[in-house]
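Trainee: Chain by chain, the residues run as shown.
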Amino acid sequence: MFSERLITIFDLMASKESHEGERGILCSVAAEITAVSATGITLVTSMQLPLAFCASDEVAKGLIDLEITVGEGPCRDTLDRDDPVCEEDLALLRNSQWMLYAPSALARGVRAVFAFPLRIGAIQLGALCLYSTTPGPLSESQFTDALLMASVIGRGIVALQAGAAPAALSQELQREAAFDFSVHQAAGMLAVQASIDISSALVALRMHAFSVSQSLSVVSGRVIDRQLRFDPDINEWREGGL
Amino acid sequence: MARESLVVATLVELADNLVDNYDVIDILTLLSNRCVDTIDVTSAGVMLCLPGGELQFVASSSESMEVLELFQIQANEGPCVDCYTGGVAIVNHELVDPDVRWPHFSPRAIEQGFHSVHCLPMRLRGRTIGALNLFRADVGLLTTDDIMIAQGLADVATIAILQHQSVLGARLLNDQLSFALNSRIVIEQAKGMIAQFYGGGMEESFSRLRNHARNHNVKLTEVATNLVEGTLPLAGLDTVREPHR
Numbered sequence: 001m002f003s004e005r006l007i008t009i010f011d012l013m014a015s016k017e018s019h020e021g022e023r024g025i026l027c028s029v030a031a032e033i034t035a036v037s038a039t040g041i042t043l044v045t046s047m048q049l050p051l052a053f054c055a056s057d058e059v060a061k062g063l064i065d066l067e068i069t070v071g072e073g074p075c076r077d078t079l080d081r082d083d084p085v086c087e088e089d090l091a092l093l094r095n096s097q098w099m100l101y102a103p104s105a106l107a108r109g110v111r112a113v114f115a116f117p118l119r120i121g122a123i124q125l126g127a128l129c130l131y132s133t134t135p136g137p138l139s140e141s142q143f144t145d146a147l148l149m150a151s152v153i154g155r156g157i158v159a160l161q162a163g164a165a166p167a168a169l170s171q172e173l174q175r176e177a178a179f180d181f182s183v184h185q186a187a188g189m190l191a192v193q194a195s196i197d198i199s200s201a202l203v204a205l206r207m208h209a210f211s212v213s214q215s216l217s218v219v220s221g222r223v224i225d226r227q228l229r230f231d232p233d234i235n236e237w238r239e240g241g242l
Numbered sequence: 243m244a245r246e247s248l249v250v251a252t253l254v255e256l257a258d259n260l261v262d263n264y265d266v267i268d269i270l271t272l273l274s275n276r277c278v279d280t281i282d283v284t285s286a287g288v289m290l291c292l293p294g295g296e297l298q299f300v301a302s303s304s305e306s307m308e309v310l311e312l313f314q315i316q317a318n319e320g321p322c323v324d325c326y327t328g329g330v331a332i333v334n335h336e337l338v339d340p341d342v343r344w345p346h347f348s349p350r351a352i353e354q355g356f357h358s359v360h361c362l363p364m365r366l367r368g369r370t371i372g373a374l375n376l377f378r379a380d381v382g383l384l385t386t387d388d389i390m391i392a393q394g395l396a397d398v399a400t401i402a403i404l405q406h407q408s409v410l411g412a413r414l415l416n417d418q419l420s421f422a423l424n425s426r427i428v429i430e431q432a433k434g435m436i437a438q439f440y441g442g443g444m445e446e447s448f449s450r451l452r453n454h455a456r457n458h459n460v461k462l463t464e465v466a467t468n469l470v471e472g473t474l475p476l477a478g479l480d481t482v483r484e485p486h487r
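Sequence lines, in order, name chains A and B. Numbering-wise (our numbering), the first sequence opens with residue 1 and increments by one. Numbering-wise (our numbering), the second sequence opens with residue 243 and increments by one.
FYI, nobody ran anything at the bench for these hints, they're computed from the structure. These numbers come from a predicted model, not from an experiment. Just so you know, not all the hints are guaranteed correct.
If the Cβ cut is set under 8 Å, some of the chain A residues that face chain B in the computed set are [stated by the list, open to error]:
hint: 1; residue: ILE7
hint: 2; residue: LEU51
hint: 3; residue: GLY62
hint: 4; residue: ILE120
hint: 5; residue: ALA162
hint: 6; residue: ALA168
hint: 7; residue: LEU169
hint: 8; residue: ALA187
Where a beta carbon is used, it is the ideal one built from N, C-alpha and C, also for glycine.
Using the sequences and the accompanying hints, generate a full structural model.
Mentor: Here you go:
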């Protein structure tokens, strides 16, 4: 039964791959296989912040950005617990859980989230997150499909990177991923502007994005484009150029 | 313990070892010991193939120098080599001296008190990874039952090893991925710092970073890490003499 399902997954991947130029097929295949509204994949990094790998649509992309901004949410929890996380109705969460994440996710029209660790043996690689616009649990087959998909994705990502030069990301992996490193470029700029270290700069950037209700990638882009900067003299963010 | 229960117990024991952290040598030593316990052999041992194609002794029911020597000889000739290269079981009725087939192996084996030797391939889905060597003090063939039991134990051990290798391989690949990802992040952060300090865009900043790395013959990641960690001041970056476009 598993093997049949695996063949379906591989067939779907092959058919999407033939559409030239289509990126992030792992996410769109995951969404199709598990029959949810959207999916996103994040990778673990040494910065404590996950890195977005891909998203099946703009909503998923926004939710990953949100999770990175507020530092809480399903991808983080599934890695902390090393177990799937299933929240079948964000509207019914107890107040203490995901105080920042849940209201914003609901505002984006998402009602239920499910996250699965991407694992190879004991190593955590990242997380697969499923988003649903309707409340309710995953069916048993959806749950099984998500686990299968997580295993395919984990091995797939590692395989895509195989053969790359040391310290370099493979072309294959970068083609498949929608990496956005702008937050790290912006953090570098902010660190120099405010004379703080990179970790503090990342925190300051995330806090600012949250306080102005903008996505982290938009805020980062504005810092890089010199439309937004931190003024150490008045200890505040300032719009406009140098 | 009755033979059947011992075989079943061994299979369970081998399967139990298929969890995360196990030692391949332990598994193969267990396999060798159980062969001696359950079937009519005096000594047993395993040789695995190294990446270069050479056979290497890995585990034995006996740690005596005499037996170990017999495995050493088999890096070049003997039942294990024949079994591994052919991928088929080698059945030997009686060792002879002198021997044209195994001129070095046979006389030494007889000297150590072994009079027949058998070898079973360790293979899974067409891939042979090594051989299980069974030594007997007596002459004569093993019974079909004995061969079936030994082959069954060898098969389980083979699965264990292949499983172990794929986990190890994945772990190495994952380390490489994680290193590449984190290197890239540090480089992007350093680019941002340079862009702020020197002005200019990200491409220009990258050229500056690369230029410095080349001039000092150090890795890009190292320069980036030193900048981010503050051990290399931004003002300490080499000036770009030939402007990169």
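Trainee: Against this structure, judge whether each hint is valid.
Mentor: A quick look at each hint next to the structure:
no. : hint   : result
1   : ILE7   : violated (18 Å)
2   : LEU51  : holds (7 Å)
3   : GLY62  : violated (21 Å)
4   : ILE120 : holds (4 Å)
5   : ALA162 : holds (6 Å)
6   : ALA168 : holds (6 Å)
7   : LEU169 : holds (5 Å)
8   : ALA187 : holds (6 Å)
When held up to the earlier numbered hints, the structure conflicts with 1, 3 and fits the remainder.
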